[in-house]
Structure formats: C-alpha cells, structure tokens
Amino acid sequence: MGLRTSLGEETLRDEHQLRAKLRTLADGAATGLAVLATVMVVAPLVAIFVYLVYKGAVSLNWAFFTHNPVPVGEAGGGMANAIVGSGILLGVGSLIGIPIGIAGGIFLAEFGRGTRLANAIRFTADVLNGVPSIVMGIAVYSLVVVPQGHFSAFSGGVALGIMMIPTVCRTTEEMLLMVPHAVREAALALGVPNWRSVLSITVRTASAGIITGCMLAFARVAGETAPLIFTAFGNVGWSEKLSEPIAALPLQIYVYALSPYDEWHRLAWAGALVLIVLIVLAVSLVRYVTSRGVLKGAS
Amino acid sequence: MGVSIEVTNLNAWYGTNHTLQDIDLNIPANHATALIGPSGCGKSTFVRCLNRMHETNPIARVTGTVLIGGLDIYADAKPVEIRRRVGMVFQRPNPFPTMSIYDNVAAGLKLNGYSNRKVLDEIVEKSLKNSALWEEVKDELKKKSGASLSGGQQQRLCIARALAVDPEVLLMDEPASALDPVSTSKIEDLIFQLKSQYTIVIVTHNMQQAARVAEKTGFFLNGRMVEFDSTHKIFTNPSDKRTEDYITGRFG
Amino acid sequence: MTRIRFQQSLEELKEQLLVMAGLAEQSIQRAIEAYRVRDLSICNLVSISEMSINRLEREIDQAALDLLAMEQPMAIDLRFILSVIKINADLERVGDAAKSISDRVRSMEQMAQADLPVDIPRMAELAEEMVRKSLQAFIEGDAELARSILTMDDAVDAMNRAAYKALTKVMEEQSHLAPQALNALMISRALERVADHATNIAEDVIFWVQGADVRHHKSLKTAPDPHTME
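These protein sequences, in sequence, are chains A, B and C. Under our numbering, the letters of the first sequence match residues 1 to 299, in that order. Under our numbering, the letters of the second sequence match residues 1 to 252, in that order. Under our numbering, the letters of the third sequence match residues 1 to 230, in that order.
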C-alpha cells in the first residue's frame, strides 16, 4: 500500500476512503442476507406452529386427553388411546432401534475401522435411511404381520425401530470419532484393555452426542404415519397386549384429516398440535435429565 | 521402587519409515534420564516402544529387545500388563473430560476391577499428594471435572492418574512443553522428588530442563542414539561433535 | 547455522578481550622500556593505559554476564565465556603489574644508578614471551601452544628466587644500595606475577578448547583433601 501515484497523496487518501465505504456496505449487505436467510428458515416453522395453535387449541379440553374416540355425531371423545399408543410404539421402537444402532456405531468407529464389513454396514445403513417409510411399512407387514396373522403394536414398534437404526448408528459413529485420540491414548496407557477403554472411556466421553443422536431418531419416527398403516393399524379403544393392533397419534390424525367430518377435522388439528408439543417435551425432558448428571465445567 | 531398562538393538518402523535404528541403551533405576534431539529424531517413538504404545498404530513395527526389570516386554508379556507397570504422561494434558478429579485419578484402578472404596480413597489421596495437587483440589474431588482445571493442574492430574496404578517406570513425553514457566517449575520439582521411587524417562525439547532434572541424557539424531552420558558431561563437554552442535544451537 | 546473533556476540566478546590484551601487553612492554632507558614520559603512558584497562575490564565482565543470562550458552560456548571472564581478570592484573613496575621506575629515578646482580631484561623477555604466546593461543584456540607455556613458568620462578637471594645479599652487604636493590626485587616480583598470569591464561585456553581443568596440576598430587584434611 505504499505506492505513490504521480497525482499525490490526496488522491490516495480519497481512494482509501472510498474503499472503506464499499467495505462497510458489503459488510452490511452480507449481514442483511444472513439475517434474511435465517428468517426464511425459521418462518415456516413459526408459521406452522402458530397455525396449529390457532386451529388446534380451540379443540383442546380435558376430554381430549382422557377419552377415546367416539362415533361421528356424538359429542366429546378424544385421543387418549392414540397418545398412549404412540408412547408404547415409540417405546418398543426405541428398545429395538437404539441398542442395535449404538452397537453398530461402536463397531463402525472402534472395532471395524477400514474393514470391508464396516464399509458394507455403513452402506447398508445409508440405504436403509433412504427407504421410503411406506415401503418400510409394507416390508414389516410381510415379515411380521403376515406370519403372525394379525396387526400388532409389536410390528409397529419393529417398523419404527428399524427406521431409527441408521440415524442412531451414524450419529454414534460420528460422535465416537470425535472423541480426541489423546483421550483414548490416555486410557490405553493406563493398561486398560481396548474393549474396556472403548466402553468406559470413549463411549462415556461421547455420550452427550450419542444421546442427541437417539433423540433425533426418536423425534423423526414419532411423527411417522406410513409405516404404521399396515402394522399397528390403529384401534378405536385401548389395546390390552402388544399383539393387538394399537392406535397412534399420527395414524389417528391421518384418518381424521381424510374424513369428511368437520368434528373429526378439528380433532385432527388438536392432535397435530399435541403431537408436536409432546415431541418437544420428550426431547427437553431427556436433555434435562442427562444434564443433571454433568459435572461443573465438564466439556 | 523403580527398575532399570535395557534396550538392545531396537529398531522401529512406521510403515516403510525406519524411525529408530539399532538403539542400544541402559537406563538406570531410580534416576531421571532425559532424551533430547531435534524434531523427528525418534525420541518420542523410542519411549512409546518402552510401554508398547508404538504398536497401537496399525502400520507400526518393532524389532529388538527391551528388558524392563529383567522382563522381556515383547517376548514374555502382553501389552496391557506392561502398560500397567510403565506409566505415561503425554505432551498435552489429557484428563478424561467427563470424569471428576477423583474418577480421573482412580480410572486406572477402577477399570481394572478395583472397587473397594476405602482403598480407592487412600490411593487417590496418596497419588494427588505425590503429584503436588492434593492441596489445591482436596475439597472438590468429586464435584469438579478433570477438564475444568488449569493446564498445569491438568498435567499434574495426569501424573497422579499415572502414579495411582503404582508403576515402576514413568515415561514423560515433553510433559511441560504446553505449560507456563511456573507450572513447568512445579513439574520439574515433582520429577526430582519422584526419582527416588520410580525410574523416570523424560523426552524434552528444552535442554535447560534436561539439565535441571536428569542425571543422564541421551542425544537422538535421525533415528539413532548419538551419545548417552551423564548430563554434566553432555552439557559441558560432549564427546560427539554432533551433540555439541545441537546443544549450542548451531542446528536443530 | 542458527543463532547467528549469538555467534556474532561471541565474536564481539573475543574482539573486546583482544583489545584489552593488546593494552595489557603494551603496558608491560612500555614499563620494561621505561626501566631500560629510565624515561619518565613512558611511565605516564603506562598510567593512562591503566585507566583504559580498568574500564575495559568492567565492560567485558558486563558483556559476558549478559551473554550468560540471555543466551543460556552450553558446552564449548559456556566454557568460552567462562574463560573470557577469567582471562579478563588476569589481563587486568597484568596491567596492574605494569603499573607497579612503572612506579618502581619513577622512584628509582631519584636514586643513583647501580649495577645489580639480577638480569631484569632477561626475565622481562621471558615474561613478555609468555604473555604473547598465551594470547596467541587464545586467538587461535590452540591448546598445544597453551600447554607449552605451562613449563616456561618454572624458568621465571627460578629466576625470581635467584634474584631474591642475590638482592637480599646485596642489601646486607652493601646497604647504601639497599633502596635500588629493594626496587629491583619488587620489579622481579612483578615480572614473576606477570608470568603467573600468562600461565593462568594458558590454562583457561586449555579449559575452553578441551574442557580439561589443568590448574594447579603440580600441587594437587600431594595436597591434602580439603574435605577431610587428610
């Protein structure tokens, strides 16, 4: 910047000032674009939520949470069985999907690095992730419902569980890989066997991230409808056993939304609102519970 | 009590890279021995061969004999056993981030099956005292995480953790290079005190540090050990011109 | 080659010491010349030199201290700086000896000429040669040359002892010549000290170049252990 033009220092100074002004403008424009982009991303989310509250809150009452559906025309009625049913299905699904996913993630990150088997597993998980949920439902229908001879909560849980596996597995793998090499070395240098080091040190260090992965998978399948159509099938009343068909919120919303009855439409809106709120609550609860165990200043 | 280390004809590779060539060395028991040399000379690889950490790298290979207290650590023992007897402190402090101070120190013991609370409490206290950290953390052992301490304290925590499993040898790979001068002094004083109970091998870039803490010093260059002698001799009148050129700063 | 600035500082330190050495050597030469021709103006030159020598001694010590503190010298560099500090002190004492001789010359000016049985010029020649060689050894880092000086000290010591015997005899038997004899004795002592300092310089050069401490080599063999006094 030390070149002097033949026109002298004044021109140089003006040029500097002009450049400075342009820089400030560019800075402002970039910031503005970033803000705009953020708004455009958040806006649909906010819009949906606001609309749901608008349309759904009006139908929320105590009966919604405590009563089962009633035939069209009758007053009252709610989605108690669907709420509980979703809980049960997600419970079964988590019991299936999370352990398998975490175990797979541990294998991919710690024991199978670079092996052909690991690459095959990873590829399979990615493909599984891309399978359309309706196809998943049909597949579980053929594999579980047909041999058993009936729709069931169990088959619904299986379908949801399988859908959770890829997300849990890949996130677990990535979180484990993010554990610094130094931490693993520290464990090894203490004379801890490798498998023990992986479970007690590496997994523990990555636990926050792994839990996040599980919650991501949970939140995703909580709203799935298609896989439940041919597996859980739905129920107008309470289900006594896992081998019986069971109601689920997304399923119920789907059925009611497609129906021609206004009363059912309003219930569907309420159901949608409740579904979203319950997912948010579940995720927050898990976050809160796990953060209680974290120590002062831990990373 | 510490034990002596006898290295004979040690060669090490990373893939095709012949990192260590024909190393012969006798490290005396209950002394501090310093290893100096320019970057990439192989001194870190050497110490990692002493606790069989070198082979954790899939492309690593070792030949030769290492006798620790008379035991051939490659032919007659498993890596896990050796690492319990030969502790290691790394260049960057690496406490387990999600564990408390207490759990960090007890980690080596707990993960090897010890569970008696009273015994663990005693060992944790003794190790923290031996690493000059007890006074600073005794009130917050279980409440504070290992990662919340300052750099110098974290390194002393790692030393306590290594001492808790009662090794005979302590390997230190540039333990103070990431620390400020005050913390460095504390670590050096610590090494001085620990010498009487353990055999200490310290890799360092800092020649003044080697001169301050070690009785014997070895100079590594390009994978070979050029000179190994008393620290006094190495730093006042070394026998090999290459050693002299390195320590006077004419290269490296 | 790294640490270029440090190497340059070491060279500068050496240059400074050589300036000091030149002054000290010159002072001795002038003092002996003043003795030979009894020229007081030369004595004045010696006195002026003395002040420069003292100032240089302080400067060199300061420069050496700075290098020790700032540069953490090791091995040969450390030995070099240590020997510079010691040679510095020896050269200053050589300057003192020259002044001492020149003071004797001044006081002898008042006295009558006397023919004394002592060969001052020969002693001076030897002492000067020792100083010159030891400084040569320093300039070139030549330990062998330095070793050759160690044996020359014996000759000068012998001459000093002989001078002592002869001059005390003169003082007893020809007491009117006592003042001259006494002055001659003091000059002989000064020259013996110059030879000692040259020997020290040679020993320091050997320490620097070879790392060997060859001081007091003769007396060490029979000396009692200072720790046990046995």
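Keep in mind that the hints were calculated from the coordinates and are not lab data. Computed from a predicted structure; not experimentally measured. Among the hints, a few may not be true.
[Stated by the list, open to error] Here are the simulated BS3-like cross-link-like pairs (lysine-lysine), alpha carbons at most 27 Å apart as the crow flies:
{"id": "1", "chain 1": "B", "residue 1": "K233", "chain 2": "C", "residue 2": "K86"}
{"id": "2", "chain 1": "B", "residue 1": "K129", "chain 2": "B", "residue 2": "K118"}
{"id": "3", "chain 1": "B", "residue 1": "K126", "chain 2": "B", "residue 2": "K142"}
{"id": "4", "chain 1": "B", "residue 1": "K129", "chain 2": "B", "residue 2": "K78"}
{"id": "5", "chain 1": "C", "residue 1": "K169", "chain 2": "B", "residue 2": "K241"}
{"id": "6", "chain 1": "B", "residue 1": "K138", "chain 2": "B", "residue 2": "K126"}
{"id": "7", "chain 1": "B", "residue 1": "K241", "chain 2": "C", "residue 2": "K86"}
{"id": "8", "chain 1": "B", "residue 1": "K233", "chain 2": "C", "residue 2": "K14"}
[Said to hold, decoys possible] Some but not every residue of chain C turned toward chain B, in silico, with C-beta under 7 Å:
{"id": "9", "residue": "T2"}
{"id": "10", "residue": "R3"}
{"id": "11", "residue": "A69"}
{"id": "12", "residue": "D77"}
{"id": "13", "residue": "M171"}
{"id": "14", "residue": "S175"}
{"id": "15", "residue": "G211"}
Don't be surprised by glycine CBs; every beta carbon is placed ideally from N, CA and C.
Margin query: Hint compliance check: list the failing hint numbers for this structure, sorted ascending.
Written below: 4, 5, 11, 13 and 14
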